[in-house]
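*Asks:* Take a look at the letters that make up each chain.
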Amino acid sequence: MNDAVRVESLYKTYENGVTALDGVSARFASGTFTAVMGPSGSGKSTLLQCAAGLDLPTAGRVFIGGAELTATKDTARTKFRRSRVGFVFQDYNLLPSLTVEQNVLLPLRLAGKRRPANARQILDRLGLGDRTHELPERLSGGQRQRVAVARALVTEPAVVFADEPTGALDLRSAREVLGLLRAVVHEYGRTVVMVTHDPVAAAHADAVLFLADGRLAGSMAHPSADAVAERLAHLGDLTTRAAA
Amino acid sequence: MIAIALRNLKHRPGGFVATFVSAFLGAALLMAFASLMDTGDTESLTTTAVVGGGWCLVIVAFAVTSTLSLSVRQRADQVALLRSAGATGPQLRRMIVGEAAAIALIASAAAVPVGYALGRVLLSLLQDTGQVAESVGYRFGPIALGTGFGVTLLGAVAAAYATARRTAGKAGGRPERPRLRRVGAVIFLLAGANCSVLTATLMDGKGVDAMQTAGQAGIWASIGLALLAPELLRLVTAVIGPVVRAFGGVAGELAVTGVHSRARQLAAAVMPVLIFTGVATGTVYMQGIEDRAAEGQIQPEYAQDVQTLNYVVVGMIAVFVAVMLVNTLVAATTRRRREFAQHRLAGATRGQLLGMVSLEVVLVTVAGVLGGSSASLFTIVPFGSARAGELWPSASPWQYGVIVALAVVLTAAATIQTTRRALRGPATAGVRA
Ligand SMILES: Nc1ncnc2c1ncn2[C@@H]1O[C@H](COP(=O)(O)OP(=O)(O)OP(=O)(O)O)[C@@H](O)[C@H]1O
Ligand SMILES: [Mg+2]
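Line by line, the protein sequences give chains A and B.
The opening residue of the first sequence carries number 1 in our numbering; numbering runs sequentially from there.
The opening residue of the second sequence carries number 1001 in our numbering; numbering runs sequentially from there.
Think of the hints as simulated: they come from the structure by calculation, not from any bench.
The beta-carbon is built from N, C-alpha and C at its ideal position, and this holds for glycine as well.
Please note that a few of the clues may not be correct.
[To be verified] Just some of the chain B residues that point at chain A, by a computed CB distance under 8 angstroms:
no.	residue
1	VAL1051
2	GLU1253
3	SER1261
4	ARG1262
5	GLN1352
6	LEU1354
7	SER1358
8	PRO1426
[As the list claims (entries may be wrong)] Below, a sample of chain A positions facing chain B; criterion: calculated Cβ distance under 7 angstroms:
no.	residue
9	THR72
10	THR78
11	ARG82
12	ALA233
13	HIS234
If we strip away everything but chain A, and leave its shape as in the complex, we get (with noise of 0.2 angstroms):
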């Protein structure tokens, strides 16, 4: 099977001397969904902006559909990812003065595409089609999250990552907006990686990958919300957190 994404020994160490990836290597093949998990400060989100290309990795490689992205200029970095990689983030980060259309538009027209065919259709299945010329502070969390989802495909990218994507959502919109991203694989055959604190959400994916102290810590295929909640207390103080 083709890889979506693959790292190999990343390593990201902040500026204040922290080292939040230390050699992590990962493949994630194309129509997949992978979850990922671990305590607080394992080094969950460091991990996905760097394969997005969002942050630089101190070392290693990222290769996404294929390329490798080498460039380290703010520029170029920005237009490889944009055409290749969709992010979803906690707090969606749609633009307030955009409406819902324009905010799903937005990443093809900074890449200078034409609106595609299908965009109507993209907002009618996440049943947002008749809210399309409204602003994102009339919505609610799990409305923005889905428009925040359509954006985030709209180019058809390689892999979608999404850095708990249902942190700030009440259980309904958190099923909704898995539901969303499971059919996104499934129907869609696109490729997501997600980062949760949640067993239950985790168990949407197909498999999940543990993360410890900035290295893996294992994998599950076909997880259950049970075994993911017993394997996370193994790997350390994440329960109380976890079942809150």
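With chain A's structure known, arrange chain B with the ligands on it following the hints.
*Replies:* Showing chain B with the ligands alone in chain A's frame:
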């Protein structure tokens, strides 16, 4: 809540710089003019104090209120956070007003030595021009301090109170009050028109006295039009937006979309450009008309000296407004760090964002210069008719050219430089800011 206010000042001094700068400079200018009244009550002292101080008063009050409202609105997030932690509306209002009062006090105190020095300069100019006897000693007393502290403090507290009511009033609600703003604009424009009419009628033939009403006319009109900045900006965008869109690519499209949805925020940038152009053009051309009208009336060297004094006064006001312009633009642009970062996360390069901001600068300066030029006519036309019997000054356009060029250069430099700084570092850090 006052304790929180003081802690805010200590921990986030950056957020208050803009307010501090305008309060500091404003207080210094007011003290300088008012100190002439402390010094003595001869006619030339009082006239200089009233004319110069009068112009400053309105501009300073406007500058302090507008920067303060901007900085309070910038902190809507913090206010929302405190509110969700259980702070009540009155508590938040006390915090915001407390901060404003503290800044105004510190700024006024810091302004005392500067105001003192500037006042001395004004007095020695008056003495050099023979309008005040050499024997008169400089005094910096209660009128200087009272005006400097009083206006700054009152302006800051009133603005803080009004903004706090809006920001902290309703949870999550920040209702725009366009009607109130428009009514205010009409009132200022009427006041300006009134001064214009007075200048052209009552003051006709009154010589220098006409300068006072004519100068006020332009200032009131500038402020009135500045209050209409959002409408002005929309109008300009409607006219030249299609061109910007056609030639600016994505950056142009983003700039134009931005104006439609962020007209109110961008209007904060139009205001100082407009006031700078309006006040500078009005006063400089009025002085030009006066110089030509005065030719042959007084002895040449003497006229030369009075002219110098007037240009110093006009210069001081112009410098103040120019600093305000840069100050406001830096504050308004710094505030967009998060927005810029979000654009970058969505795939915008730094170059695209700089392009977008540059095109916004085009729209902002066109709106500001047009508005300011119109406002300056409230001064120039009636003064020309009263003093020289001509509606259109027979002055050369190069001074206007210099003023417009200055407005463009200051706006572009301040905005683009601040944008560059806001784009430094990874975008992921920018959204956290
Ligand atoms: N910009 C930064 N500068 C300095 N240190 C950082 C920065 N970002 C993260 N770190 C540090 O790097 C380590 C890993 O952080 P990271 O955000 O990747 O963890 P995480 O697994 O996503 O944690 P969480 O579950 O709390 O989101 C932490 O010790 C953190 O303090
Ligand atoms: Mg994280």
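*Asks:* The structure should be examined with respect to each hint, and the outcome stated for every one.
*Replies:* Tested hints:
1. A least Cβ separation of about 43 angstroms between VAL1051 (chain B) and chain A goes past the 8 angstroms threshold, and the interface hint is therefore violated.
2. Taking 8 angstroms as the C-beta cut-off, the interface hint given for GLU1253 (chain B) holds, the closest approach to chain A being about 7 angstroms.
3. Residue-level restraint check for SER1261 (chain B) holds (minimum Cβ-Cβ distance to chain A is 4 angstroms; threshold 8 angstroms).
4. The criterion of a C-beta within 8 angstroms of any C-beta in chain A is met by ARG1262 (chain B), whose closest approach is roughly 5 angstroms, and the hint holds.
5. Taking 8 angstroms as the C-beta contact cut-off toward chain A, the hint placing GLN1352 (chain B) at the interface holds, the least distance being around 6 angstroms.
6. With a cut of 8 angstroms, the hint placing LEU1354 (chain B) at the interface with chain A is violated, because the nearest CB-to-CB distance is about 11 angstroms.
7. Annotation: interface hint on SER1358 (chain B) violated; nearest CB of chain A at approximately 16 angstroms, more than 8 angstroms.
8. Hint on PRO1426 (chain B) holds. Least Cβ distance to chain A is approximately 6 angstroms, under the 8 angstroms limit.
9. Hint status for THR72 (chain A) relative to chain B: violated, with the closest Cβ pair at about 12 angstroms, above 7 angstroms.
10. The restraint placing THR78 (chain A) at the interface with chain B holds, with a minimum CB-CB distance near 5 angstroms, inside the 7 angstroms limit.
11. Given hint, ARG82 (chain A) at the interface with chain B, holds; its Cβ is 3 angstroms from that chain's nearest Cβ, closer than 7 angstroms.
12. Interface hint status for ALA233 (chain A): violated, as the beta-carbon distance to the closest one in chain B is roughly 30 angstroms, over 7 angstroms.
13. At a threshold of 7 angstroms, the smallest CB-CB gap from HIS234 (chain A) to chain B is about 30 angstroms, leaving the interface hint violated.
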